[in-house]
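Chain A is already provided as a structure; the job is to place chains B, C and D on it using the hints.
Residue numbers (the working numbering), protein chains in the order written: chain A, 2 to 142; chain B, 2 to 142; chain C, 2 to 142; chain D, 2 to 142.
Hints listed in this document are in silico derivations from the structure and should not be mistaken for laboratory results.
Don't take each hint at face value.
Same chains, same label: a pair holds when it works inside one copy or across any pair of copies.
As the list claims (entries may be wrong) - Lysine-lysine pairs mimicking DSBU-like chemistry, simulated, CA-CA at most 35 Å apart:
| id | residue 1 | residue 2 |
| --- | --- | --- |
| 1 | Lys-93 | Lys-126 |
| 2 | Lys-100 | Lys-126 |
| 3 | Lys-126 | Lys-52 |
Number of protein chains: 4
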Amino acid sequence: MLTNIRNVRVEWCDCDPAGIIFYPRYFEMFDTCTTALIERALGMRKIEYLKAYGFAGHPLVATRARFRLPTRFGDEVAIESALVACGRSSFKVEHRLSKAGALAVEGFETRVWVGRAADDPQRLKSREMPPDMLARLQHGG
Amino acid sequence: MLTNIRNVRVEWCDCDPAGIIFYPRYFEMFDTCTTALIERALGMRKIEYLKAYGFAGHPLVATRARFRLPTRFGDEVAIESALVACGRSSFKVEHRLSKAGALAVEGFETRVWVGRAADDPQRLKSREMPPDMLARLQHGG
Amino acid sequence: MLTNIRNVRVEWCDCDPAGIIFYPRYFEMFDTCTTALIERALGMRKIEYLKAYGFAGHPLVATRARFRLPTRFGDEVAIESALVACGRSSFKVEHRLSKAGALAVEGFETRVWVGRAADDPQRLKSREMPPDMLARLQHGG
Amino acid sequence: MLTNIRNVRVEWCDCDPAGIIFYPRYFEMFDTCTTALIERALGMRKIEYLKAYGFAGHPLVATRARFRLPTRFGDEVAIESALVACGRSSFKVEHRLSKAGALAVEGFETRVWVGRAADDPQRLKSREMPPDMLARLQHGG
Numbered sequence: 002m003l004t005n006i007r008n009v010r011v012e013w014c015d016c017d018p019a020g021i022i023f024y025p026r027y028f029e030m031f032d033t034c035t036t037a038l039i040e041r042a043l044g045m046r047k048i049e050y051l052k053a054y055g056f057a058g059h060p061l062v063a064t065r066a067r068f069r070l071p072t073r074f075g076d077e078v079a080i081e082s083a084l085v086a087c088g089r090s091s092f093k094v095e096h097r098l099s100k101a102g103a104l105a106v107e108g109f110e111t112r113v114w115v116g117r118a119a120d121d122p123q124r125l126k127s128r129e130m131p132p133d134m135l136a137r138l139q140h141g142g
Numbered sequence: 002m003l004t005n006i007r008n009v010r011v012e013w014c015d016c017d018p019a020g021i022i023f024y025p026r027y028f029e030m031f032d033t034c035t036t037a038l039i040e041r042a043l044g045m046r047k048i049e050y051l052k053a054y055g056f057a058g059h060p061l062v063a064t065r066a067r068f069r070l071p072t073r074f075g076d077e078v079a080i081e082s083a084l085v086a087c088g089r090s091s092f093k094v095e096h097r098l099s100k101a102g103a104l105a106v107e108g109f110e111t112r113v114w115v116g117r118a119a120d121d122p123q124r125l126k127s128r129e130m131p132p133d134m135l136a137r138l139q140h141g142g
Numbered sequence: 002m003l004t005n006i007r008n009v010r011v012e013w014c015d016c017d018p019a020g021i022i023f024y025p026r027y028f029e030m031f032d033t034c035t036t037a038l039i040e041r042a043l044g045m046r047k048i049e050y051l052k053a054y055g056f057a058g059h060p061l062v063a064t065r066a067r068f069r070l071p072t073r074f075g076d077e078v079a080i081e082s083a084l085v086a087c088g089r090s091s092f093k094v095e096h097r098l099s100k101a102g103a104l105a106v107e108g109f110e111t112r113v114w115v116g117r118a119a120d121d122p123q124r125l126k127s128r129e130m131p132p133d134m135l136a137r138l139q140h141g142g
Numbered sequence: 002m003l004t005n006i007r008n009v010r011v012e013w014c015d016c017d018p019a020g021i022i023f024y025p026r027y028f029e030m031f032d033t034c035t036t037a038l039i040e041r042a043l044g045m046r047k048i049e050y051l052k053a054y055g056f057a058g059h060p061l062v063a064t065r066a067r068f069r070l071p072t073r074f075g076d077e078v079a080i081e082s083a084l085v086a087c088g089r090s091s092f093k094v095e096h097r098l099s100k101a102g103a104l105a106v107e108g109f110e111t112r113v114w115v116g117r118a119a120d121d122p123q124r125l126k127s128r129e130m131p132p133d134m135l136a137r138l139q140h141g142g
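Okay, chain A solo, but in the shape it has when bound (with noise of 0.2 Å):
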């Protein structure tokens, strides 16, 4: 199964008025993560991907996460993201997130791929990976 682990700092900019983090911005970590994820299996940066395969981009279509605790300014936390399911045009992919190695955050998040549609590039439509792309995230690169 395709793995990665991303340590991340979490600074003043991320955090509100309590003083703790804000939580769209485990969003934003989580969707880097996913990107590092696919990166890491394809062996090319997430630019290269989306136009070496003819991808916008891979939109979610569901997500949850669980908040068990805080984070504040400081921080540093580490991020483990696995790639738990894999179709040819959605994928599931688990985030957990942990403090000093508590389990402070989980993620989870269901994503399809998407192209440009020919006769109008601002629409998106689901679009399947080609074999060869499938093959690598399925045996983790």
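Relative to chain A, chains B, C and D alone:
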């Protein structure tokens, strides 16, 4: 049941290189909608109700969302928020974001009330609402 | 001279652990104000005017700001924006953000119009406005 | 002179529909760089130096920036920050962000130290650094 509707325009600053909203921005919008809901019930702005009742905030313990239709910069959306459960120390809010009458995003959140620990203002701890505040939320203001 | 006023409420999501707005959020607001100014002159939404005239955006080449008074969540502010200079390929906008009638922030920006390079859509290059578009901006719509 | 270098990767979450970084994100990066600079001089994390010296933060009174080259998601950039002036109540920082050795963005900021007003913790007021803290910043830690 306490409800509120906010009309929001998705802006360039909310969107990503695919040209659609970057999904953590939905959670920012939902956070503002939850504040508006409580402000409506209590007849006070957030900065006032936090001070009046001695809270530091109402952070999330869990959330989930489904993204059914994409939105992009310039789209006018309406967000209906409802307080679907409210106890002394936690509450649940549901958000339905629609575009041109079609449901685009659903968000669900569970939050708790927190205050600052007496011995360390940087540490947050769970805190119950006083009865008059609870009554206002449960009876819609 | 082309001008526009937007009324904005500073929200919890805009503020940092000091309880005041995190200053990059002012630049987000100013970006939206500049869009509103151009939309007003052209009578089109940004997504429409980019497409109609073949632009990818109007990124900044320089900006500066002075922060005179703090703002915090719940504050209602008014932002007056004015197109103070407009040539074929660049333009300047000034923003004055006030709170309860008092000037809180001044912002100044210089922007250029860019299109996508014919040989590589990911690369941006400077591009001049067609005369009818320029005339609308210079004469205030 | 106190200096620091941070290496940052521009991510998808930092970029706009033109495919380049949304410029307020540069200010977020600069804010984190200024924190890193002070942390280096004082040998404490921000959450610790704010507490140790009784400050609420070091907000900006003025900033300006020049954007020379665009950056996009996947770009690795280096940000050199220098404390170019430091008095008892205000200081100036310059940031130079480069990509593959070429200067892409220059940022200049003037900040003040603030504490919380004794009679109203939500109100901020200017506050001077104690001599030992000032000496550490002026002599580079």
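Broken hints, numbered, in rising order? Result: no hint breaks.
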